[in-house]
Amino acid sequence: MSLEVTSLESNTQVPAKPLKVESPWKIAYRRFTRNKLALFGLIIVILMFLICFFGPMFSPYNLYDYKLIDKNKPPSAAHWLGTDKLGRDVLLRTMLAGRISLTVGLVATAITVFVGATIGAIAGFYRGIVDTLLMRIADIFLALPGLPILIILGTVLSDLKVDPGNRIYFVMLIIGILNWVTLSRLVRGQILTLREQEFMLATEALGLNDRRKIFRHLLPNTVPIIIVSATLGVAGAILAESALSFLGIGVVPPTPSWGNMISAANNLIDFRKRPWLWIPPGMCILITVTAINLIGDGLRDALDPKMKK
Amino acid sequence: MTEALIQVDNLKKYFPITGGVFSRTVGNVKAVDGVSFTIHKGESFGLVGESGCGKSTIGRTLLRLNDKTDGKVLFKGEDIHNLSKSKLRALRPKMQIVFQDPFSSLNPRVKVGEAIGEALLSHGIASKREVKERVMETLSKCGLASYHYNRYPHEFSGGQRQRIGIARALILNPEFIVADEPVSALDVSIQAQIINLLSDLQEERQLTYLFISHDLSVVEHICNRVGVMYLGSMVEMASKEELFGNPLHPYTKALMSAIPIPDPTLKRERIILHGDIPSPSNPPAGCKFHTRCPMATDLCKQKDPEYRDVGNQHFVACHHV
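Those sequence lines, one after another, are chains A and B. Read in my numbering, the first sequence has 58 at position 58, and its numbers run on one by one without any break. Read in my numbering, the second sequence has 1014 at position 14, and its numbers run on one by one without any break.
Since the hints were made in silico from the structure, they are not lab data. Do not rely on the hints blindly, as some may be mistaken.
[Claimed, not checked] Simulated restraints, written as ranges between beta carbons of each label pair:
(1) T33/A to S1281/B: 23 to 31 Å
(2) K1111/B to L39/A: 29 to 37 Å
(3) I177/A to S1023/B: 33 to 41 Å
(4) E1137/B to D304/A: 39 to 47 Å
(5) I177/A to A1090/B: 35 to 43 Å
(6) P148/A to D1070/B: 51 to 59 Å
(7) F40/A to K1111/B: 29 to 37 Å
(8) I43/A to S1023/B: 47 to 55 Å
[Stated by the list, open to error] List of simulated lysine-lysine pairs, DSBU-like, C-alpha gap at most 35 Å:
(9) K1303/B to K1072/B
(10) K1072/B to K213/A
(11) K213/A to K1087/B
[Claimed, not checked] Residues of chain A clear of chain B, computed beta-carbon distances all greater than 10 Å:
(12) N62
(13) L68
(14) K73
(15) L133
(16) I137
(17) F141
(18) T182
(19) F199
(20) L232
(21) N267
(22) F271
Note that the structure is predicted; figures quoted are calculated from it, not measured. No residue lacks a Cβ here, since even glycine has one placed at the ideal position from N, Cα and C.
Go ahead and model the full structure; you've got the sequences and the hints to work with.
Here it is as structure tokens:
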């Protein structure tokens, strides 16, 4: 009745031929590349980055070339997208504005992810009073209407006479911090389920410290959610920056941004007679945000383990 | 062999059932209801019983992965349920657990080498370079290869994952390991390998096991003493030879008669237990086993039998012994 094992030595190596098991990331990659629309979005965004960050190097003009002789010229061979009311090249300004807008989008989202994931993880891991406190604060943030708050904070910035060059950093910070709530709730929800898993019981038995439990065991398992939410968040942050700049309280001239370029053309004559002033930045916002949203949707489908295709 | 490593005294673990608008406690699932036993240094203590009888709960409560409801758990004379959080953490390396399910007990996003070595880092036992060395050493001890270090759990089979789980527990050099059905999720040939690995390690390192299982032949192979549980209580406990040679409790007898014997010509009396295990939230009065016991009398329905020594360190709780 006892287990007598003669052929199988206990310490013999289980034949370790490479198993044909795909890692979750490989599966997600395969699913994503099969999604034509998401790939299209990715290509557009990459192109947009390349053009905005490397395009200005090939431009014969300079951001501060004021040539009043050339003001308000329609598109031509010399100025592909025409010039604005100070005679500056609109193409160059659109590209430089893209740098600002894309950077604001990325940095603001990075701040959102950092704050949101950390708070969500702490709330979900410790539960109890910590959770209640953090989530009530989140509720308060959620109850505040976003745009009015942005406008108020933008006005405060103007009132404090922040240097236009530094202003962009404050804009990033404000947009980033105002968006942490959604992400932190997603992360918290995920962590609440993860902490009940058996491998978390194992970390408790091993006596790992809380920091290691949270950052090595729990958060890596929420990365798919964070990626999707962050991607969509970049689009939202670009829109928020544009809206703020359009209202004149985000990035302020002379630093160009897509929002304040449209704002500069916000009068009857420019609007009706000089569409080259506002169509390029407007299209850039539209295309970039749409493309990023396509990527986000594609990532969501690719990283969702319940979608077995 | 005589020095007690673990002493469990009248341990109780109830899980509350909440209901109603305000989540009031409306009842308790009595998973473990007054269990006492002692595990001596260097021995393997087996705990058997059917699903839901509280075996795993005991294992987890012994390590304070659950809080107890009542009773005492002494590890080397120290009540681990009274330790502060930091003292408990310091004690963790001394007592480890190997889980039943090798799939859910490994974090899918942590590399195997890191999963095994991180406890050393977290406790500050070894430096980063030493950790890697010791992980390699432990990997080979558990029948894995050094190139497995950088792999993720999904690249392994069930048996290999269980070896990883054992390596993770072993690297801390524990004195006591709770093996919570470590082989029931594996197929039979792999079961044998894992069991032999566990007994080799025990010999080499003087480990003490609490071996939880519902497979009596596995328990007979590895354990020195065995306790039989039914519905949260210990019904019989004796040395392996005594228990398998002379089972006294009717439940133990029924379990023994269910062990398959690889001899088709052998005819024997099977004791078939009728009915299901009663709900631990509402256990029957008197002897908990009387609803299914072939020998039950009126006395069994009224009076809880005393858990007593019938000589030769053989404990049993039955009126008819």
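Against the structure, the hints:
no. : hint                          : result
1   : T33/A to S1281/B: 23 to 31 Å  : 52 Å, violated
2   : K1111/B to L39/A: 29 to 37 Å  : 30 Å, holds
3   : I177/A to S1023/B: 33 to 41 Å : 35 Å, holds
4   : E1137/B to D304/A: 39 to 47 Å : 40 Å, holds
5   : I177/A to A1090/B: 35 to 43 Å : 39 Å, holds
6   : P148/A to D1070/B: 51 to 59 Å : 57 Å, holds
7   : F40/A to K1111/B: 29 to 37 Å  : 35 Å, holds
8   : I43/A to S1023/B: 47 to 55 Å  : 53 Å, holds
9   : K1303/B to K1072/B            : 25 Å, holds
10  : K1072/B to K213/A             : 28 Å, holds
11  : K213/A to K1087/B             : 18 Å, holds
12  : N62                           : 49 Å, holds
13  : L68                           : 60 Å, holds
14  : K73                           : 57 Å, holds
15  : L133                          : 21 Å, holds
16  : I137                          : 25 Å, holds
17  : F141                          : 28 Å, holds
18  : T182                          : 23 Å, holds
19  : F199                          : 4 Å, violated
20  : L232                          : 23 Å, holds
21  : N267                          : 55 Å, holds
22  : F271                          : 52 Å, holds
The structure fails to meet hints 1 and 19 from the earlier list, while all remaining hints are met.
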